[in-house]
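Residue numbers (the numbering used here), protein chains in the order written: chain L, 11 to 352; chain V, 11 to 352; chain U, 11 to 352; chain S, 11 to 352.
Treat the hints with care, since some could be wrong.
Heads up, the list lumps identical chains together, so a pair's fine if it works in one copy or across two of them.
[Stated by the list, open to error] Simulated crosslink set (DSSO-like; lysine-lysine; CA at most 27 Å straight-line):
#1 K47 / K313
#2 K172 / K227
#3 K91 / K174
#4 K276 / K47
#5 K276 / K349
#6 K201 / K227
#7 K227 / K174
#8 K172 / K349
#9 K337 / K227
Just so you know, the hints here were simulated from the structure itself, not pulled from any lab data.
There are 4 protein chains.
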Amino acid sequence: MNFCSDNTTGISPEILAAISAANQGSAMPYGGDDYTKEAEKRINDLFETSAEVYLVGTGTAANSLALSTVTPPYGSILCHKESHIAYDETGAPEFYTGGAKLTGLDGEYGKITTTGVEAAVANTRGSVHQVLPSAVSLTQSTEFGALYTLEEIKALCSVAHKNKMKVHMDGARFANAVAALGATPAEITWKQGVDVLTFGATKNGAMAAEAIIFFDKTLAEEFGRRRKRGGQLFSKMRFIAAQWNAYLTDDLWLNNARHANTMATKLSQGLNSIEGCQLYSPVEANEIFVIMTPEIYQTLINKGFNFYQWPGNIEGLCRLVTAFDTKEEDINTFITTAKAAV
Amino acid sequence: MNFCSDNTTGISPEILAAISAANQGSAMPYGGDDYTKEAEKRINDLFETSAEVYLVGTGTAANSLALSTVTPPYGSILCHKESHIAYDETGAPEFYTGGAKLTGLDGEYGKITTTGVEAAVANTRGSVHQVLPSAVSLTQSTEFGALYTLEEIKALCSVAHKNKMKVHMDGARFANAVAALGATPAEITWKQGVDVLTFGATKNGAMAAEAIIFFDKTLAEEFGRRRKRGGQLFSKMRFIAAQWNAYLTDDLWLNNARHANTMATKLSQGLNSIEGCQLYSPVEANEIFVIMTPEIYQTLINKGFNFYQWPGNIEGLCRLVTAFDTKEEDINTFITTAKAAV
Amino acid sequence: MNFCSDNTTGISPEILAAISAANQGSAMPYGGDDYTKEAEKRINDLFETSAEVYLVGTGTAANSLALSTVTPPYGSILCHKESHIAYDETGAPEFYTGGAKLTGLDGEYGKITTTGVEAAVANTRGSVHQVLPSAVSLTQSTEFGALYTLEEIKALCSVAHKNKMKVHMDGARFANAVAALGATPAEITWKQGVDVLTFGATKNGAMAAEAIIFFDKTLAEEFGRRRKRGGQLFSKMRFIAAQWNAYLTDDLWLNNARHANTMATKLSQGLNSIEGCQLYSPVEANEIFVIMTPEIYQTLINKGFNFYQWPGNIEGLCRLVTAFDTKEEDINTFITTAKAAV
Amino acid sequence: MNFCSDNTTGISPEILAAISAANQGSAMPYGGDDYTKEAEKRINDLFETSAEVYLVGTGTAANSLALSTVTPPYGSILCHKESHIAYDETGAPEFYTGGAKLTGLDGEYGKITTTGVEAAVANTRGSVHQVLPSAVSLTQSTEFGALYTLEEIKALCSVAHKNKMKVHMDGARFANAVAALGATPAEITWKQGVDVLTFGATKNGAMAAEAIIFFDKTLAEEFGRRRKRGGQLFSKMRFIAAQWNAYLTDDLWLNNARHANTMATKLSQGLNSIEGCQLYSPVEANEIFVIMTPEIYQTLINKGFNFYQWPGNIEGLCRLVTAFDTKEEDINTFITTAKAAV
C-alpha cells in the first residue's frame, strides 16, 4: 500500500521474463547486440519516424544527457521552477551541460506557458552579459500530474523555435500522458515540434530503462561519446534493451499506464467525496495532489499507507502516485480508511 | 566462443534468480530498501571493515565518481598511461572531476611504479603553474592481466600518502585478482593503504552492478549527492543490491573468478605450446595477450572465434579474455584450431 | 555626461601615475614582486586583520573565483534574484564552481533577508535530490543602490553559519558602501561574519584591479592554483598591485567614493523635485533608479546624456550612476534639462 | 639583469603613453569604445584579412578560451607534451573546454610532427570509448625557442584538417617568430591553414594585452559570451585596446621582437664560445637553452644574474630569455662573467 511514487514498484512480469530470456550466450557489449537494434527499431516504429535512439539506465542521466545537447555551457534552459530537472536532480543538468543555467518559470500545475517563455527571453536583453536562452523543457505529464494539450505543446515549440531554442520533453511519465490524451506518441512529440524526448520506462514497469530519442538528429552528433563519458554506456546493454522490447510488445507500456491512470481517477474521485480532503489540482494522469486534514493523514499513516507530505507552504498537501501494479482493493481501503477518519 | 571481453557474458544464474526474488511488492526507492542495506553489510563483512559503500550501475561511473573525491579540479591523478581511466573512458574522469588531469605513467604490463610516481610528483615543481598531484590510481588486476603484489601496493600507497595523495584502486576485475593472489580482499586494499576501491561485479557475472567502497570515509562526504548528480542513483536500487547479495553469497564472486582464471591459465598454456603464438605478458588473472601469426589469427576468426586485435604498434598482438562462463571445450577447440593453422 | 555606469570612467590620475612609476626595471612575474606584497599589506591594514589576499583583473573573475571556494559543484549559492552574479555574469559563477546552482531570492532593492535564506534552506528537504545550500552572497552596496546595515549583515551571517553556509560579499561598489555607512571596512565585513569579500577598485578609479579577500583563510587553500587556472594570474602583476597601492594611499578610495555618493545625492534630490520624475528606490550610495516620463527621457537623450533604461516590467525606469569623476556642473545641467522637459 | 623570462619586463614607453592618452573622458564599457574598434581593425590589417578579434588580459585565458572553441568536452587537443598549455597552465585548458583531454606528443625542441599527429589519431580507434581528436595546437615560437617553418605549419594544418581537426597556434611569442622567419603574419598563420591564433603582446612590451584571432570565423560564434563567462570581458577595455594600438603602430611589435632576437643571438654566440657552456637547442627566437657547469651557474647567480634552472632530467640545463628591453651591456657582462668562471 505504497503511494509514495511509481518508482517504489517492482518489475512487470513480462519485462522480468524478457531479461531472463536475453540471458543466452554471449553478446557484443556496449549496444553492439541484436536486442539493442531491436529496441531502436521498436521505438522508432512506435513514434512513426526515424529518430536517433540511445538507451540509458536512469531518468536523471536521460534528462541531463539530453539537455547537454540543447544548450551550450553559456546558455539557459527555460523550464518550470518546480520541474524535476530544476529541483530534484541535485544539479545534474548543470553538471552535464557544463554549467548552463536552468531558468525557472511560473505556471499552474507544473506547466509553463508561451507568455512565460517569451518574457524570459525578453529579459535577457540579447547581451553577452546574460546567458543565451537555448532550450525549453516541458514535462509530460507534469510533476503535478497535469497534461499539456497538443495545442499547448505546439505553441511552446513554435515560440521556442522562433527564438532559436530547442525543445526537450521530460517523459518520465510519458506513457501516462499518452494513455490520458488518447493521442499517438508522434502527435505528442515531434509532430508538434519536440526536438528530443526522454522516454521513461522505469516508473511504468521496467527495472531500469530509459531512452533518449532525438527527433532532431543533428542534436545526436557524437552522442555516443557523451553517453559513455556520462557513465551510461552499459556494457551488457542487451539487458536494458530487452526491457524495452518487452515494454513495447503487445502494448504493455500503454496498458500499464492506463491501469495507473484508472487507479488515479478512482482514487481521486473517492478522495473528492470526503469532507476533509480537497483535490489541489486536476488529476489528469497518475499523480494526485490532495490537501487533507491532519486527522485523516495520521489515520492513513497509522494504517500502514505510505505517501509523501509535499514540501512547501501549503499545509496538508500530500502527493499520491498510482502505478501499473496498484491494486483496486488498496484504493478502496485507502478511501474507506480516509472516510472513517473524518 | 567469444573471447573479446568478460563483458560479452550474460548473468550468472544465481544473480538472475536474485533479481527475480527481489521482485516482490513495493520497496522504498533510491536505496532506502532492505536489499541495499544487506549489500552494504555484506561488502563490509567481506572486507572485514566498516567502509562507506555506494552502489552504481557502470564501471565508468564507479571509477569517475570515485576519482571525483580524490582530486580537486586543479589536481592530477597519476595512473598508467594505458589504464582504462586514462584511455578507455572518453574523458569521463575529466568530466566527473571537473577537469582534473590524468597523468599517464609508464610501466610494464599496466603496472605503475613508485619510481614513476615520485618522478611525476617531482616534475610539478610545486608551483601554482602545475596541477597538484592529488591521487594515484592502480588497476587490480591490470588492463594487461597482471597483478600488483601486496608489497607493491603497500609501497605505492606509502609513496602516495607521503606526498599527500590518495590511492584509488580500479577493481573492475578485482575478484580475479583476489582469486589469483590468494590474499583476502582486505589485504589487497585497505590493509596496504588503499583509500577507495571500485569493486566490479558486472564482468564476473552480474548484469550491471558496481560498488564504490570508501575505506577512507572522509572521502565519502556528500557522496550521495555526487552519485545522484552523476545520474547513478537508481530509483529501483534493490535490483542492483540484489545482484550484489547473490554475488557475495556462497563465494559466487570468488568461484566465478577462479573459473575464469583457470580457463585463462589453460588457454595460455595451450597457446604457449604453439609455434606461431607467443605470450606477450605473464598471464596472472583472466586476460591473455598473445602475438600470433596472421595465418593463425585468420583461421581462428574464420572458425567463428571472436577476440580483439590489440591497437598499437605490436604486430599480431591479440587479447583473449576468459570469464565465469567460459567452457573448457571452447578452450580446447581454440587451441586445436590454432595448432592446426600453423 | 555619461551616467550609464561607473565603469565608463577612466583612471584616477593618482592610479595612472602609480602604473607609470612601477614601470622601472624588471620584476619577478606572477605576483612575486614587491608591489604585490605591499598591496597585500595595505589591504590587510585597511581591514585591520590578517587575511589572504589575491589580486585579479575583473569583477566577474573576482566573484566567480571567490564563489568557487564556498560551494561544491553539488551545492547552491543563495543570492538576490537580480544580483549581478545571478543575472549579469553569463553563468560565470556556474562555470567557476563546476556547475553549482544560484538560487535567486526575493527582496527589496536587491537585498536578501534572513527569512528568505531560511525558507530556501528549508525548501531543500535535506535530501540528496537537492543541491546543498552552501553559501549566501550579498552585494554591498546592492545592484539597486541600497545598503545593508551592520545589523542586517550580522543577521545574515548568523543564519548562514548556523546552517553551515559561508558568506560572500560582492563589493564591486564596496567603497561607496563604506563612504555611505560611515563604518570601517572591518565592521562591514569580517566583524559581522563575512567570510570572503570581493573588493572592487575598477569602478571607483582603477584601470582594472579587483581583490579577493579571504577572512576565513581555510577557503584560500590552493587558491593560487584556482586563480591561475581561471586565467587571472597576471604575469606583470606589479601593475595591478600598483593600482591598489595608489588606491589605498591618502584615502583615495574613500574620497573617490564620497564624491560619487555626494553627486548621487545631489542628482537624486534634483530629480525628486521634478514632476514627471519619481525615485524608484532610496538612493543610499551612487546609483539612482528613477521613473521618468518619455518626454523627459527623450529630451535628456537628445541633449547627449547617456544612461540606461532598465530592463523589466516597470515602464520608464532608468538607472543613473555617478562616479569619482562626475562633475557637479553635469549634474546641474542634467536637472535643468529634465526640468525644462516637463 | 633578469633573464628569467620576457615577462619580468615592464611596459614599452610607447604603450604606457598610449594608456595615458586613452585616459580621456568617458567611454562605453566592455569593448563598446573606439579604441577597441581600432585595435580590431589594426590587427586585421596586420594579418591582411577579416578575422574575428577578441582582446583579453592574460595568455592563459587567451589560450584556454581559444581552445574551448576547437574541441568539445569529449574531445582531445594534440599538442607537444611540454607545451605551455599542457604543462604550465594548471589545467586551465581542461577547465575552459569542460574537461577535454590534452594529448602530449613527442618532438624535438617543442615541435610536434605530422607523424606524431597521425599516430595519435590512429590510436583512438575511432571508437566512442576514446576522446575525439578535435584540434592540434602548436606554439610559435616554441617553448624551447624553436620555430616551425611555413612548410611545417602547412603540413600540420593539412593533416589536422584531413582528420577534421582545427588548428590552434599559441602565439605568446608570435612577434619573435615573425621577426625570425621574415615572413608575414598572414603567411605564418591562415595562409598555411591556422584556424585560430592567440597573439600575445604582454611578453613583448605590453602591460597585459592578448588577442584571440579567429581566422575561421565559425569558431567565434557566441565567443563574446565565452569571454565574459571566463572573466575576461574587461569593463574598461579601452585600456587593453590602447596597448594594442600602440603595439601595432610604427612596427613597435616587430622592432621589439627583433631586438629581443638579436640579443638572444648575441648571447647564444657568446655562450657557445665558452668551454663549460653547451647550447642545448638551436636558438631561433629569444629563448636560449644552455647546459652549463655548476661553477659557471653559481658564479652568474652570485653576480646577481637571474635565470631558471630548467626542471627535468638534464643536469645543468638552464633557460635564458631576452626581451625588448634587454641591454647589450648586460649580455656582454653575462658572457664575460661566465667566461671568467671557467
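Subject >> Violations among the numbered hints, reported as their numbers in ascending order >> reply: Hints 4, 8 and 9 not satisfied by this model.
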